[in-house]
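Chains as they are written, first to last, in the working numbering: chain F, 55 to 408; chain H, 55 to 408; chain S, 55 to 408.
Any given hint could be a false lead.
Same chains, same label: a pair holds when it works inside one copy or across any pair of copies.
[Unchecked claim] Heads up, simulated EDC-like pairs for lysine to aspartate or glutamate below, C-alpha to C-alpha not over 16 Å straight-line: (1) Lys251 with Asp262; (2) Lys251 with Glu141; (3) Lys251 with Glu168.
What the hints contain is simulated information worked out from the structure, not anything from laboratory work.
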Amino acid sequence: MIARTLFELAELCGAAVEGDGSRKVIGPAPLGEAGREHVSFFHHPRYANELRSTRAAGVVVALSFAAEAPDHLTLLRCEDPSRAFTEIVRVFSRAPRRPAPGVHPTACAHPSAEIADTASVGPLCTVGPGSRLGEGVVLHAQVALGEGVLVGAESELFPMVVVYDGIQIGERCVIQAGCVIGSDGHGFEPSDQGWIKIPHTGTVIVEDDVEIGANTTIDRGRFGATRIGRGTKIDNLVQLGHNVIVGEGSMIVAQVGIAGSALIGAGAVLGGQAGVNGHARIGERAQVGAQSGVFGDVPAGQIVLGHPARPRTEALRSMAQAARVPGLVEKLRQLEQRVAELERERSVSGEGSA
Amino acid sequence: MIARTLFELAELCGAAVEGDGSRKVIGPAPLGEAGREHVSFFHHPRYANELRSTRAAGVVVALSFAAEAPDHLTLLRCEDPSRAFTEIVRVFSRAPRRPAPGVHPTACAHPSAEIADTASVGPLCTVGPGSRLGEGVVLHAQVALGEGVLVGAESELFPMVVVYDGIQIGERCVIQAGCVIGSDGHGFEPSDQGWIKIPHTGTVIVEDDVEIGANTTIDRGRFGATRIGRGTKIDNLVQLGHNVIVGEGSMIVAQVGIAGSALIGAGAVLGGQAGVNGHARIGERAQVGAQSGVFGDVPAGQIVLGHPARPRTEALRSMAQAARVPGLVEKLRQLEQRVAELERERSVSGEGSA
Amino acid sequence: MIARTLFELAELCGAAVEGDGSRKVIGPAPLGEAGREHVSFFHHPRYANELRSTRAAGVVVALSFAAEAPDHLTLLRCEDPSRAFTEIVRVFSRAPRRPAPGVHPTACAHPSAEIADTASVGPLCTVGPGSRLGEGVVLHAQVALGEGVLVGAESELFPMVVVYDGIQIGERCVIQAGCVIGSDGHGFEPSDQGWIKIPHTGTVIVEDDVEIGANTTIDRGRFGATRIGRGTKIDNLVQLGHNVIVGEGSMIVAQVGIAGSALIGAGAVLGGQAGVNGHARIGERAQVGAQSGVFGDVPAGQIVLGHPARPRTEALRSMAQAARVPGLVEKLRQLEQRVAELERERSVSGEGSA
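Just chain F, with the same shape it has in the complex (with noise of 0.2 Å):
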């Protein structure tokens, strides 16, 4: 167990600390889980009544904070909380294990198969004829690598992943476990017979620092390749359909679901459970709204909202009027009978004037 003084964790993050730095802790917690002997962090105004009873010995803030705190708790503030915290965190992690180097005895490497020598191929894994594994690669336990495939340096891969043949993955890459990349896109066309199946003799193509979420699926191209640029980041439970491009440092949100062809620019941000229609353009930069479902276009830096998604200022104002409507209705229903009156009075004064 190591156990570290508040001062030595607020020196590591250029933090000021307010209160007893001499304290000793011997790990993080959340507010509300915290005993005397953790340290936490404090990033949000929702947490306020955790903050209140929280018993944990320090709390990172931010330089702003001025909320209501235990008398007994010292501060460690500093400009960027949650970046300091992640630093603090990582002094208390077990270094994540790697298993040892070596293929294991259990699994089935093919004799073709290139494996480094500093790679580790985890026990029940299969990896198939020419697939070939650089320096430092995990292949954690019942991996299953097809024909041909690359895995770039330094790359882990946890357990369950499918990777089909032909696939390339860059270097230092993670893929969690349950992943499947190259699967079949869906691709069938009508006939007399029912639907046909289009071959799909494409790859997929990942490039490097990009991680991939659990149970996550990626088609392979119909020809060409589906592409993932260099440092994006996706969640669990996403589809990614037949070549679909992602450029470089994306993050896409759990249970997004990407159709054929679609092009993700640089640097998007494509909420949880969002949709995109196939052969749509993101540009680089936009950004898609939770559960948005995008059909057409978006331009570079837009953010986009709603079912069907349109720029958000739009989007909110949209959703804010269907709220008008019963006021409307009334409002309506009075000018009405004020315009009965008049007419009323109109018919009366012709009357009178006849």
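Could you slot chains H and S onto chain F? The hints should help.
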């Protein structure tokens, strides 16, 4: 093959028999598929046609049942047809397959793992160092447990389940095939060099009597734990983010997505494909409609619907409003004409009086 | 490497050649990625830019094609460019890898399983007691079949597919990686002791010529069967609940969720991320838009959209209505002023005439 008379089944579930109770049946079947050797049940007017033409020997119905049914049909009338029928289904069910205790010779269990004598580890499973399996635990084929995993007594894990290092699973849990527990949360900090991964050093705690569906994914905490409360039932393809806390006895239907640090109260029910924003709090026994998007907090006991989710009556009224707009447009047009007429006359009358 | 002249390819798919048909190509590629040794195709105005700058040797186009294209480009003009191009892709495709017949020595097949001589069971698969694999069946690596599973002739199952006990799969089916067939349905009865699991003693019947996508989940029936009709094509990450019946030749796109006992008619098409309520009935050849939520029944042939799903024209009109509300508000404001003016004058005039 077990055969039972309708009298025997009626006694079992406290039903009153109307018709020939001496007929023997060999099992349950839906109304439309049943033959003369089956018992069925009727619980929704939607199936009135199937009822009229069913060939079943007997049908379990509610006390209030008064629909048209074939003359040959024996009725088993009772208070709660669904629960009664569950009892009947159970009579005819083979006990689900329980593999023999012991570790299959093809399984790969680390010598330091502690496996109870009555536990069963199926073919081609992996069990990491220091993991502990309680009495009566069943791992079906090809399950992957990491290092230091705890599985409580009588829990059952189906093929391809992946449990990462250090995760705790309670007693009498059922984890369906392909479920992933303990993958890293989707946490990244922006930087000049692109997204920097936030270490996820927390865990997942699955309490007793939880069921988790096929291919569902549950991320580990950034620190602290993602926690699934006792007796909660989770369907297939659900996503639970890092540090999500689900209370006891909740119900989460298929394809729901819950973002990081959200709090789901005890007894809450989330409909299929619903989404919950990060840090949102859903109160005890609250209900979220299918496909709804929860962005804020939901008070205890409230039923919410829509995107963004609002209280049920408000949401339904709002959905109805758009339909009123065309009527408003027409009314407004008519009123404008009437006002224009008044103005014209006023003008004429004004001229007249001038 | 296969090389073909454009003449040869044109003859193959019945296209007329405009330009130099003697040029040789070595494969298909998208317009933007193609080099001088590739053939490509153009089917949507959206790709007009890519067409203008493509380096491809030849492009398959429609009879009506009249867009601007580089001078060097040879056109292959035909009636159905997509189908023609599929033919061309096929010419250059390696036949997909078919593992050699036989049971891999690392596979774990129960002695009572009946495996046809021409079937192939890949490395580290498990095949339970009494299962039967027809002629030409392919199980790729690490597939898990339970007890009493039937797989019809020429069906192909990719890695990590899980088939529970007693499930039937027809002939010529393709099941992509990670798909789970036969998990228990999400059925629980409330009780004083919490949720009580309803036993699921039914099965799943997958008829001939069905394709099922990666990580899709299909629950077994509560009793009776969940059934996927002949020739139906299901995409990735789809959820089918217990006792769902899907007719023949339907198309279910990625991330669709269909709740228990729903009925999907033959030839129906469900767009991505759509949801269908339990017990709902979708008619033959009906179409459900992407992200739509079907709560009631849909008549045969109808196209529905939105949440809740309504007939297409109605739904589109309704989506357009909200946009009219701001105009209504303004019109109403103006009308109020005009009426107030009339009232003021009436009052003045009334005073005058008093």
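Now for the hints, and whether the structure bears them out:
1. Taking the shortest Cα distances, Lys251 and Asp262 sit within 16 Å of each other only across copies (14 Å), while inside one copy they are farther apart (32 Å).
2. In this assembly of identical chains, Lys251 and Glu141 lie within 16 Å of each other by CA distance solely across copies; the values are 11 Å between and 51 Å within a copy.
3. Taking CA atoms no more than 16 Å apart as the test, Lys251 paired with Glu168 passes in neither setting, with 34 Å inside one copy and 29 Å between copies.
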